[in-house]
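Colleague: Build out the structure end to end from the sequences listed, making use of the hints.
Counting from 32, one number per residue, gives the positions in the sequence shown under my numbering.
Honestly, the hints are just simulated from the structure, not real lab data.
Note that CB positions come from ideal geometry on N, CA and C, so glycine has one too.
You may find that some hints are simply not true.
[Unchecked claim] Computed beta-carbon distance windows for the label pairs:
| hint | residue 1 | residue 2 | range |
| --- | --- | --- | --- |
| 1 | LYS63 | PRO184 | 32 to 40 Å |
| 2 | ASN138 | GLU54 | 15 to 23 Å |
| 3 | GLU137 | THR158 | 40 to 48 Å |
| 4 | GLN48 | VAL144 | 15 to 23 Å |
| 5 | VAL144 | GLU121 | 16 to 24 Å |
| 6 | SER149 | THR66 | 44 to 52 Å |
| 7 | ILE133 | GLY204 | 23 to 31 Å |
| 8 | GLU167 | ASN138 | 35 to 43 Å |
| 9 | ARG186 | LYS63 | 13 to 21 Å |
| 10 | GLY67 | GLN187 | 50 to 58 Å |
| 11 | MET182 | GLY108 | 19 to 27 Å |
| 12 | PRO208 | SER149 | 19 to 27 Å |
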Amino acid sequence: MDPQFFETPADFRAWLQQFHSTEEELWVGVYKKKTGKPTITLLEAIPEALCFGWIDGKTRSLGAEAYAYRFTPRKPGSSWSEGNLKTAKELIALGLMEPAGIHAFENRGPDRVEIPLSEEYEARLRTQPAAWEYFEKLPPGKKKDSVRWVMQPKRQATRDQHFDVLLACCLAGERIPPLR
Numbered sequence: 032m033d034p035q036f037f038e039t040p041a042d043f044r045a046w047l048q049q050f051h052s053t054e055e056e057l058w059v060g061v062y063k064k065k066t067g068k069p070t071i072t073l074l075e076a077i078p079e080a081l082c083f084g085w086i087d088g089k090t091r092s093l094g095a096e097a098y099a100y101r102f103t104p105r106k107p108g109s110s111w112s113e114g115n116l117k118t119a120k121e122l123i124a125l126g127l128m129e130p131a132g133i134h135a136f137e138n139r140g141p142d143r144v145e146i147p148l149s150e151e152y153e154a155r156l157r158t159q160p161a162a163w164e165y166f167e168k169l170p171p172g173k174k175k176d177s178v179r180w181v182m183q184p185k186r187q188a189t190r191d192q193h194f195d196v197l198l199a200c201c202l203a204g205e206r207i208p209p210l211r
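Modeller: Right, here's the structure in full:
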């Protein structure tokens, strides 16, 4: 991993214009505010990436001064978060979306449907007041992602394993491993 740092969204957009169709990934370095170094933020980078059909993924710490975010081209049929759908629609309306971004948007998978936690799992979670309290206080997006992680696997055994991890994490006041 060799991150590239961009001072402005325009700098990142220029890179995407040149390389979006030939590169398979880019680690974007983002300096922490306390460094005072000019840097693009993740919230500035995501719309630029969407314009070219790219998406952010993994995050890595680069120590005390920076983070790196992995950006890759979207795969056809991939699902889009509600936030990215909204942003993409706004970018299209503003005329900022590039042909590659429009192509990725038009070839996305079915929109995500909110998956509820099963009644059985909710009842089990409620039997542990501390776990239920922690779960209820999760930010809405983290809560949805946690529920999806538990409920999405095809095999019941995998769902049960994921629920056991969720319960243990909530009791410990921690997020599930994929959301840490």
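Colleague: Please go over all the hints and tell whether each is borne out by the structure.
Modeller: Hint check:
| no. | hint | in the structure |
| --- | --- | --- |
| 1 | LYS63 <-> PRO184: 32 to 40 Å | 36 Å, holds |
| 2 | ASN138 <-> GLU54: 15 to 23 Å | 19 Å, holds |
| 3 | GLU137 <-> THR158: 40 to 48 Å | 46 Å, holds |
| 4 | GLN48 <-> VAL144: 15 to 23 Å | 34 Å, violated |
| 5 | VAL144 <-> GLU121: 16 to 24 Å | 22 Å, holds |
| 6 | SER149 <-> THR66: 44 to 52 Å | 45 Å, holds |
| 7 | ILE133 <-> GLY204: 23 to 31 Å | 43 Å, violated |
| 8 | GLU167 <-> ASN138: 35 to 43 Å | 37 Å, holds |
| 9 | ARG186 <-> LYS63: 13 to 21 Å | 41 Å, violated |
| 10 | GLY67 <-> GLN187: 50 to 58 Å | 52 Å, holds |
| 11 | MET182 <-> GLY108: 19 to 27 Å | 21 Å, holds |
| 12 | PRO208 <-> SER149: 19 to 27 Å | 21 Å, holds |
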